[in-house]
Every structure is written in structure tokens, then in C-alpha cells.
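Chemist: Sequence:
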Amino acid sequence: MAESKHQQLFDSVDIDNSIESNNKSYHIIKRSIDVSLSLIGITLLVPIFILIIFLIKMEDRKGSVIFKQERVGKNGRTFSMYKFRSMVSNAEDLLDGLIEKNEATGPLFKIKEDPRVTKVGRFIRRTSIDELPQLFNVLRGEMSLVGPRPALPREVKFYTKYERQRLNVKPGLTCLWQVNGRSNLGFNEQVELDLRYIKTKSILLDLKLIIKTFTVLIGSKDAY
Numbered sequence: 014m015a016e017s018k019h020q021q022l023f024d025s026v027d028i029d030n031s032i033e034s035n036n037k038s039y040h041i042i043k044r045s046i047d048v049s050l051s052l053i054g055i056t057l058l059v060p061i062f063i064l065i066i067f068l069i070k071m072e073d074r075k076g077s078v079i080f081k082q083e084r085v086g087k088n089g090r091t092f093s094m095y096k097f098r099s100m101v102s103n104a105e106d107l108l109d110g111l112i113e114k115n116e117a118t119g120p121l122f123k124i125k126e127d128p129r130v131t132k133v134g135r136f137i138r139r140t141s142i143d144e145l146p147q148l149f150n151v152l153r154g155e156m157s158l159v160g161p162r163p164a165l166p167r168e169v170k171f172y173t174k175y176e177r178q179r180l181n182v183k184p185g186l187t188c189l190w191q192v193n194g195r196s197n198l199g200f201n202e203q204v205e206l207d208l209r210y211i212k213t214k215s216i217l218l219d220l221k222l223i224i225k226t227f228t229v230l231i232g233s234k235d236a237y
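Here the numbering used here is used: the first residue of the sequence shown is 14, the next is one more, and so on.
These are computed hints drawn from the structure, not numbers from a lab.
Some clues are possibly wrong.
Pairwise CB distance ranges, derived in the manner of DEER restraints [said to hold, decoys possible]:
1) Leu217 x Asn103: 43 to 49 Å
2) Leu57 x Leu220: 29 to 35 Å
3) Lys170 x Pro60: 27 to 33 Å
4) Ser49 x Glu72: 32 to 38 Å
Please read all numbers here as calculations on a predicted model, not as lab measurements.
Ideal Cβ placement from N, Cα and C applies to all residues, glycine included.
Please take these sequences and the hints and turn them into a complete structure.
Modeler: Below you can see the structure in the form of C-alpha cells.
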């Protein structure tokens, strides 16, 4: 029932499709890159997946290893996004008590020293290992390797018509602001970088962002 309510809400989102490229070859090549690199990544990362699963369970046996959360994708369609769980098992129940400590701007919610984050969670967040299960979202066609990060339904409810242009393309694992400040950027700056990507997107730009992402992830102080 809740899912249908969200779907109805975002079906009414005013999407400016004129921003979306009509170049079929671009979309075919982009999808081919998404599938091939995701398959390679999942295959190579199996040992890391196993290690992270073990560490998460050792620290907190109660919760699931994979955290599944509803996000908003292309044209406002909702989907279940996957992450390695980096918080305590009852993190969502504790959210209301932390709202007043929010350090992010706009509709975002971020706390640099979030008390819900586990020890393992701090490490996998800093290195973005927690995002790796989204390679399966990419394979399913719900996400791309490159694109605006997928927002929560409660965030999209407060989007202006201008900000909703972020929904013109598939959300991605990485994007312009992920390699240019990450969590240190305000919401408006993230929007501007996302819209710049949408207007100038190309296969070459995607490849550059994928490569640059690897250079900024390990040990980054801008992720939390």
C-alpha cells in the first residue's frame, strides 16, 4: 500500500524530458558499460563482500547484512536500493530523535558523527564499500554507474520543479559531486553539479568520472 502511494506521488512529478538525450547509441553504449563493468566488479569483489558480511555480523548480529531502502529513480519511479548495513539494526527507529542535529542543507539529512553508525560502518562509509551492493541495482537497470545519487522519497517531496530535473536520468553509483567534495557540498551545490552532468553527459565523461571515483574513495574524509 505504501509503495503504491509513493508511486502515485512520483508519477505526478513534472519531468522536463527535453533535457534527456535522444541519442540511442549513447544509451546503448552506456548500458553495455554498466552491465559489463558491474559483472566484472561483482566477480572481483566477492572476497571483500564475504569479509564485510563477516565483520558486520560480528559487530551486530541482530540486523540484516544488506540494508534495503526505497529510493527515487528515473522519472520518479521508486525502487529498492541496496547497501551494506553501516548502522545499528534499529537505526530508522532512532531517526526522529536526531532530526534537530541535522547538518545537511535542503531536504537532506546528514550528521558527521551519527551515533547510529557502527565501527565497521564508519570504515565502509569512509571508503564507500557500503555502496558496492548497488552494483546489483545497476545490473537490474534501476541505476547506472554514473548519474545523480538516488534520493529518498521524503526528500523528493520537497523538491522544486528545478530540482526535479535530477530525475530525468537514471541515478548512479557516482556523480560529479561525489568526486568534488562529496558530503561537504551543500544540497544546492549537489543539484547544480547533477544538472551540469545531465546537460553535458557523454560516454567519455562517464569513463572519466568512473576512473576519478577510484582515486578519491580510499581514505576520503569527505564521506560520512
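Chemist: Now look at each hint and say whether the structure bears it out.
Modeler: Tested hints:
no. : hint                        : in the structure
1   : Leu217 x Asn103: 43 to 49 Å : 45 Å, holds
2   : Leu57 x Leu220: 29 to 35 Å  : 18 Å, violated
3   : Lys170 x Pro60: 27 to 33 Å  : 40 Å, violated
4   : Ser49 x Glu72: 32 to 38 Å   : 34 Å, holds
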